[in-house]
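Enquirer: This is what each chain is made of:
Number of protein chains: 2
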Amino acid sequence: MDEFSFINSIKQSTYKQSTLLKGVGDDAAVFRQSSKDIVTAVDTFVEGIHFSRKTMDPFHIGNRALAANISDMAAMGASPVFYLVSIVIPSHWTEDELSQIYRGMQSLAKQYKIDLIGGDTVSGNELTISITVIGYAACGKARYRSTAVEGDIVFVTGTLGDSIAGYHILMNPGQFINKNYYYRRHQMPDPRVAFALELEDLQRVALNDISDGIANEAAEIAEASGVSITINYQQIPTSDSFSQFTVNQQRNWPLFGGEDFELLGAVPKRDWPLVQQAAQRTQTMVTEIGYVDIGKELVYLQEENGRKPLNKKGYTHFKQVKL
Amino acid sequence: MDEFSFINSIKQSTYKQSTLLKGVGDDAAVFRQSSKDIVTAVDTFVEGIHFSRKTMDPFHIGNRALAANISDMAAMGASPVFYLVSIVIPSHWTEDELSQIYRGMQSLAKQYKIDLIGGDTVSGNELTISITVIGYAACGKARYRSTAVEGDIVFVTGTLGDSIAGYHILMNPGQFINKNYYYRRHQMPDPRVAFALELEDLQRVALNDISDGIANEAAEIAEASGVSITINYQQIPTSDSFSQFTVNQQRNWPLFGGEDFELLGAVPKRDWPLVQQAAQRTQTMVTEIGYVDIGKELVYLQEENGRKPLNKKGYTHFKQVKL
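As given, the protein sequences belong to chains Y and B, one line each in that order. Its first residue numbered 1, the first sequence is counted upward by one per residue in my numbering. Its first residue numbered 1001, the second sequence is counted upward by one per residue in my numbering.
Wrong hints could be hidden among the right ones.
Stated by the list, open to error - Below, a list of computed lysine to aspartate or glutamate pairs in the DMTMM-like style, where the Cα atoms sit at most 25 Å apart:
#, chain 1, residue 1, chain 2, residue 2
1, B, 1269, B, 1150
2, B, 1313, Y, 95
3, B, 1110, B, 1097
4, Y, 22, B, 1198
5, Y, 22, B, 1200
6, Y, 11, B, 1223
7, B, 1113, B, 1200
8, B, 1312, B, 1293
9, B, 1313, B, 1297
10, Y, 312, B, 1095
11, B, 1269, B, 1223
12, B, 1022, Y, 297
13, B, 1011, Y, 297
14, Y, 141, Y, 198
15, Y, 179, Y, 190
16, B, 1022, Y, 150
17, Y, 22, B, 1223
18, B, 1016, B, 1198
19, B, 1022, Y, 198
20, Y, 36, Y, 271
21, Y, 313, Y, 293
22, B, 1022, Y, 200
23, Y, 22, B, 1297
24, B, 1022, Y, 223
25, Y, 313, Y, 297
26, Y, 113, Y, 198
27, Y, 22, B, 1201
28, Y, 113, Y, 201
29, Y, 22, B, 1150
30, Y, 113, Y, 190
31, B, 1011, Y, 223
32, Y, 11, B, 1297
33, Y, 313, B, 1095
Keep in mind that the hints were calculated from the coordinates and are not lab data.
Input sequences plus hints: build the corresponding full structure.
Expert: And the structure:
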């Protein structure tokens, strides 16, 4: 396949977004959006750091890379509309595998009606996927992590720790219950866009998506908002078959596992019923797990024997620094 | 330096663009633009393929990567406003070198008043810089390569072949005239934004920036517009001291050298004086080098002894495929 047939194979013949004026095929893409706020982020994934071929097919690699970006839009209360993809591809990857990566993205793009409007594919030594996603939010309704206030209810969507559980099962084949469920949570996570958009009527909701584990994400909200957050350990939702894992795994995965791409939020108490209604309308599980307090931008874990600071176990020293 | 001090070192304390609502520090950046079209592109640079430390300091690597992206905006008739940077950085690069890369970008960003609004820094084995740039164009005035029409004048800004000449001098130290000029053209190219914006009143102008050599760029315009383009070899502008290079170099560099980041354009004959006035107002050299003809989407080179098809000497097989 030469470069032109490759471009044709990934270039969309039609675009779904009516605000797009020019897609792939010029020096840049062009769109027009006069009534909404525009939201944009970039996320980069390097083989061996962010994903492994041991646990993911090329299709999954592409799918999950785009899912992580779409999840950033959900965390902003935005609807994803466009994406641009830059791939560095080692020569030992076949063109079929490369196509599979794009197919993994296309499958999700189709579901969300988002258009591929630019990017490039470059040869190199290390598979690297960098995706820029662009979304639209209702004017003034982009959701910031800096808006949590004392007395807010802290909630989370879905169940936590499933992605790392899936990774564990894939890396340690054996007798596990609900394998396919965990595989899917690791390989093809579902961003919570529909739920986040359903919160549009709320005056205020602080949102983060859970890419680095709830301990980290709660700390980001606490720091940005200048508050403390207390999480009730017993209330953290996990999936039904989670008891099959060791006690340590059951404890650490939901707190630090990351990449579940669920949403962590904080809303005024009076709006909690609205959050529950939004959850119901979008068939999203939502659980109250804690509360916002005044204090020193710390996260606490409340357990039966008392409340202790919950430390972040985060990335350090350029493994990944997200701006 | 830990990740937070690093983020603080590259995070802007203030932003210049009034349309920005949220910069670095959340899951995504947010901006609002109700009166202009929005233009966006991504370009990726891999060490050893797109640049070499033999001819560039880290400062230049960052500077030129952003310049190439800004040049895409110029080629669209757009004003650059924001950029997002994703860097994969090998562990043998020092944090000081990494900072220098960002400083190279910041220097250009300051000049163009554009804001860094997102990105990430990831460790990996191969230095890779992927930049997403966002710009604004007057409504309906984004410049497409598909708009050239029979009878148009074909023009180019500046002089061609200087970047590869600079690369050559850096790789083959010796007696050369105007070394610093050529170094600068290779290491710190000047995108033609001011000139492109000054063309705003023109009804129609097809534009491409010269990243891959004029033979390629002319072919892109010819193909997208369904026309032929004839370039008069004698009219191709080169710098004064270009005669110091070999006959082959003098011939091939301006045609195929690439990365000069000048603009190649096609305008109706009647508008040529307007182009010349825009050039004068922005102190940009502009030269008529050919014309648009009906025909088979081919580029011809007109020389004293006749007119022959000019073949692209382009990238193939995923060295780089730009969408």
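Enquirer: If a hint holds in the structure, say so; if it doesn't, say that too.
Expert: Cross-check of the supplied hints:
1. B:1269 / B:1150: It holds: about 10 Å lies between the C-alpha atoms, which stays within 25 Å.
2. B:1313 / Y:95: With Cα atoms ~23 Å apart, residue 1313 of chain B and residue 95 of chain Y stay inside 25 Å; holds.
3. B:1110 / B:1097: holds, 20 Å
4. Y:22 / B:1198: Answer holds: residue 22 of chain Y to residue 1198 of chain B is near 22 Å, not above 25 Å.
5. Y:22 / B:1200: holds, 18 Å
6. Y:11 / B:1223: holds, 17 Å
7. B:1113 / B:1200: holds, 20 Å
8. B:1312 / B:1293: With Cα atoms ~18 Å apart, residue 1312 of chain B and residue 1293 of chain B stay inside 25 Å; holds.
9. B:1313 / B:1297: Satisfied, since the Cα-Cα distance of roughly 16 Å is no more than 25 Å.
10. Y:312 / B:1095: holds, 24 Å
11. B:1269 / B:1223: With a Cα-Cα distance of about 21 Å, the restraint between residue 1269 of chain B and residue 1223 of chain B holds, given a limit of 25 Å.
12. B:1022 / Y:297: The given pair, whose Cα atoms are some 21 Å apart, holds under the 25 Å limit.
13. B:1011 / Y:297: holds, 21 Å
14. Y:141 / Y:198: Holds, because 12 Å separates the two Cα atoms, which is no more than 25 Å.
15. Y:179 / Y:190: holds, 17 Å
16. B:1022 / Y:150: Judged against 25 Å, a Cα distance of about 23 Å means the pair holds.
17. Y:22 / B:1223: holds, 16 Å
18. B:1016 / B:1198: Judged against 25 Å, a Cα distance of about 22 Å means the pair holds.
19. B:1022 / Y:198: Holds. Residue 1022 of chain B to residue 198 of chain Y sits at ~22 Å (cutoff 25 Å).
20. Y:36 / Y:271: holds, 24 Å
21. Y:313 / Y:293: holds, 22 Å
22. B:1022 / Y:200: Given pair residue 1022 of chain B, residue 200 of chain Y holds - Cα atoms ~18 Å apart, limit 25 Å.
23. Y:22 / B:1297: Holds: residue 22 of chain Y and residue 1297 of chain B sit about 21 Å apart, inside 25 Å.
24. B:1022 / Y:223: This hinted pair holds, its Cα atoms lying about 16 Å apart.
25. Y:313 / Y:297: holds, 16 Å
26. Y:113 / Y:198: Within the cut-off at roughly 17 Å; holds.
27. Y:22 / B:1201: The hint holds at about 20 Å.
28. Y:113 / Y:201: Satisfied, since the Cα-Cα distance of roughly 23 Å is no more than 25 Å.
29. Y:22 / B:1150: holds, 23 Å
30. Y:113 / Y:190: holds, 15 Å
31. B:1011 / Y:223: Since the Cα atoms of residue 1011 of chain B and residue 223 of chain Y sit roughly 17 Å apart, the hinted pair holds (cutoff 25 Å).
32. Y:11 / B:1297: Holds, at about 21 Å.
33. Y:313 / B:1095: holds, 22 Å
Hint compliance for this structure: no hint is broken.
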